[in-house]
Amino acid sequence: MGLPVQEREEIAVQTPSRNTCGRAIAMTLANPIKPGRSKVLRFNFWLTRRFPPLLGRLRKLSFIHFLRWTIVSEFPFNGPPQVPEKLGHEYLLFVSNYNGYWMQYIDAFYSVVPDQMDWIWGNCYGYPKGQPAGATKRLIHKLEFTASHYYSAYPEASATMVQSALELRKRFDRFQAEMRGADPSRFQEGFRRFVADSQRLL
Amino acid sequence: MPSKIGQAYTYLALTAIVPGRSQELREVVEAFPLASESPFARVGRVHFARWVIVPQLVEVGPPPEVPDRLNNEYLLFSTDVDGDLEPFLEALRTQIPEVMDAVYSHCVAYPGTADREAFHRYFRHNQIETTFPFSAYQDATVPEVREALELRRRLIDLAVRAQELDPAGLQEAYRQAFAG
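First to last, the protein sequences are chains A and B.
Residue numbers for the first sequence follow our numbering, so the first one is 1 and each next one is one higher.
Residue numbers for the second sequence follow our numbering, so the first one is 1 and each next one is one higher.
Hint data in this document are derived by calculation from the structure and do not stem from the laboratory.
Even for Gly, the Cβ is constructed at its ideal location relative to N, Cα and C.
Please note that a few of the clues may not be correct.
[Said to hold, decoys possible] Heads up, simulated DSS-like pairs for lysine-lysine below, C-alpha to C-alpha not over 30 Å straight-line:
id	chain 1	residue 1	chain 2	residue 2
1	B	K4	A	K39
2	B	K4	A	K34
3	A	K60	A	K170
4	A	K129	A	K170
5	A	K129	A	K34
6	B	K4	A	K170
7	A	K39	A	K142
8	A	K60	A	K142
9	A	K39	A	K129
10	A	K170	A	K86
11	A	K86	A	K60
12	B	K4	A	K60
[Claimed, not checked] Label pairs and their calculated CB-CB ranges:
id	chain 1	residue 1	chain 2	residue 2	range
13	B	D101	A	F43	51 to 59 Å
14	B	R124	A	S17	40 to 48 Å
15	B	Q163	A	W46	51 to 59 Å
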């Protein structure tokens, strides 16, 4: 969406394999924050944490395992031979673990949480606020770091599979309790009902 | 504490690489086996982890942004783990000491795993507190996620087989699969 076929293929081809572990994909970005805007960012994050509808919209991004935004005000200093940094900006680090396709991932952010995209990256340089997703994709592709090592404890699973499995676990505990002492006919009926009721989780 | 999310902890550190050693460090980190053979698999409590070498910040423009230049290269370590920071750092120190030493000996002022206090102090000093963490399953531990995924796999298998089994056969198959 929003990108010429050639560029779309170029980005797809260039997504580095070191950023993947099975189904899991690592994204690591660092954006310079505009002067004076880190307070705005912190407030927006604070609001999102405390206002359930905003958090609820993030939960609709069903392909996310874990993600975090981190404001880097200064780089930790350990003494020589490290040279102290003198940076003109604070930085917004975005670290995400997701599954699916890079292009769809960005599109989904745009379609599910467009306001939050603006609320967050609108405080950073380079973010093409109000422009089509294609411009954002170009920026993200430029900003993305490649992992040298990436690990997932359950690489075979998508985030949706994990959430389904955890919900299924709860239902299955109830099913087991209900079926204790059941004869074969009652058990078969109960199992069929359990499977039918849990179809979307399987 | 923003780094805490549900039962999990999101840790991120930026450690300066000793000048001239980033290529050597890259070779060490990229040589580690992946997936279930990754060193992080031995730590047990790790959901996700990454090491990223940050050689320089990317210039995004357009003006008035004035690009920054880093004076050092950095190793970014980001991970999502069960529990709290202290036991996680201790697990890194005691369960994969040779890995931590092989990696962080290329970073400025790394004290090594032998000195417990200094090791913990180093990773606390270089930690960047998370501003906003998010996970859709923040209360599930790694063993709980794995156990649930295995249960789901066995349930799918039984649901498929159930179509060909009579009531007694289904109950017996269920007992074999789950009652163990």
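These are the hints, each one checked on the structure:
no.	hint	verdict
1	B:K4 - A:K39	21 Å, holds
2	B:K4 - A:K34	27 Å, holds
3	A:K60 - A:K170	21 Å, holds
4	A:K129 - A:K170	42 Å, violated
5	A:K129 - A:K34	13 Å, holds
6	B:K4 - A:K170	24 Å, holds
7	A:K39 - A:K142	26 Å, holds
8	A:K60 - A:K142	27 Å, holds
9	A:K39 - A:K129	19 Å, holds
10	A:K170 - A:K86	52 Å, violated
11	A:K86 - A:K60	39 Å, violated
12	B:K4 - A:K60	21 Å, holds
13	B:D101 - A:F43: 51 to 59 Å	41 Å, violated
14	B:R124 - A:S17: 40 to 48 Å	33 Å, violated
15	B:Q163 - A:W46: 51 to 59 Å	52 Å, holds
Consistency note: the structure conflicts with the earlier hints numbered 4, 10, 11, 13, 14.
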